[in-house]
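Chemist: Protein chains in written order, with this note's numbering: chain H, 1 to 193; chain G, 1 to 193.
In case anyone wonders, no lab produced these hints; they're calculated from the structure. It is possible that some hints are incorrect.
[To be verified] Selected chain G positions facing chain H (Cβ under 8 Å, derived; list incomplete):
no., residue
1, F35
2, E58
3, G63
4, V77
5, F78
6, D90
7, V91
8, V96
9, R112
10, F113
[To be verified] In silico lysine-lysine, DSBU-like type, Cα no more than 30 Å apart, as pairs:
no., chain 1, residue 1, chain 2, residue 2
11, G, K21, H, K111
12, G, K111, H, K21
13, H, K95, G, K81
14, G, K111, H, K81
15, H, K2, G, K21
[Said to hold, decoys possible] Which residues of chain G face chain H? A partial, calculated answer using Cβ under 10 Å:
no., residue
16, N27
17, H28
18, I54
19, D106
20, V109
Small disclaimer: the values here were computed from a predicted structure and weren't measured. Even glycine gets a Cβ: it sits at the ideal position worked out from N, Cα and C.
2 protein chains.
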Amino acid sequence: MKLLQQRILRDGAVRPGGVLKVDSFLNHQMDVALFAEMGREWRRRFADVPVNKILTIEASGIGIACVAAMEFGVPVVFAKKSRSLNLDGDVYTAKVRSYTRGGEYDVRVEKRFLGPDDCVLILDDFLARGGAAMGLLSIVRQAGARVAGVGVAIEKGFQEGGDTLRRAGVRLESLAIVERMDADTGEIVFRGE
Amino acid sequence: MKLLQQRILRDGAVRPGGVLKVDSFLNHQMDVALFAEMGREWRRRFADVPVNKILTIEASGIGIACVAAMEFGVPVVFAKKSRSLNLDGDVYTAKVRSYTRGGEYDVRVEKRFLGPDDCVLILDDFLARGGAAMGLLSIVRQAGARVAGVGVAIEKGFQEGGDTLRRAGVRLESLAIVERMDADTGEIVFRGE
């Protein structure tokens, strides 16, 4: 998606350790007009699938998912990262490995909100090694729901998450795939360029 | 806001300990069409203020803030609850007391995203004792920005957060104010009824 690529080039910054900072428009300050364009693009790409629910994970996926959901006309469910006193008993859970922060954490979704009648699109801001996406896929499958696919704003093409999902037969729609980037020069190259 | 009150009566549930469960449409599964109506209502109520940025707090405020921001045509910034390896140095911070989970936590916003030229509307899902709102107000003031006001979906009128903000001269627009509720009978009474 050209618009997102241009925005990454203009406002993104490459940091050592494979970090792409896009927090001025994607995951700290959030440009909701851009999110609406992203939602329209996913809607176009998943037009053949009867998506009736969007699943994402807190925190930075929620804004993108909610604005995109306006385009699809469906509700959003977000997986919670920690046990909350307000959560009732019956939950699907999955373990997610975090490479950014280190360690593992649990994600959970109440069973009431996902079931066999659902066709679920998973949305998130980043796909790197695929930990979050695999956790969310596990939850959709535990629910017996149909996986419409996975949509991410930015795929780090130089990490294995995208290939892992594609090899597993998951339909993946990444709006921008960073093929390589260089913290010294600031260069960012997208796949297909 | 009648639509939200009706939804709370239909799908909300009162639990012991002053807990109002609205997670089927507000803060776990999220009805984004309802959020859009809420955004229009806040837009109407704050029509006289030149809001140019919306500030919220992760996680459950983000969806509401982003959909509402579509109505205002402004970006969203969300305060992060924990130190992240991807956050740069210069941040505003505030301590927030959590009554739901117990204890205190830090919230932080990068200084790049709030400054003296901003007129900031603070949005969140709940206002109970006011801990999160006070933390966000502190951050807006640290930035030297103008506080447009605070908008919450549900104010627990039987707890002190709303009165604290009003006494402090903060403009507060709560879309539904629960005057009292009863976990035994399930009764929910809104202010002004």
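Chemist: Could you work out which of the previously given hints the structure breaks and list their numbers from low to high?
Modeler: 6, 7, 8, 15 and 19
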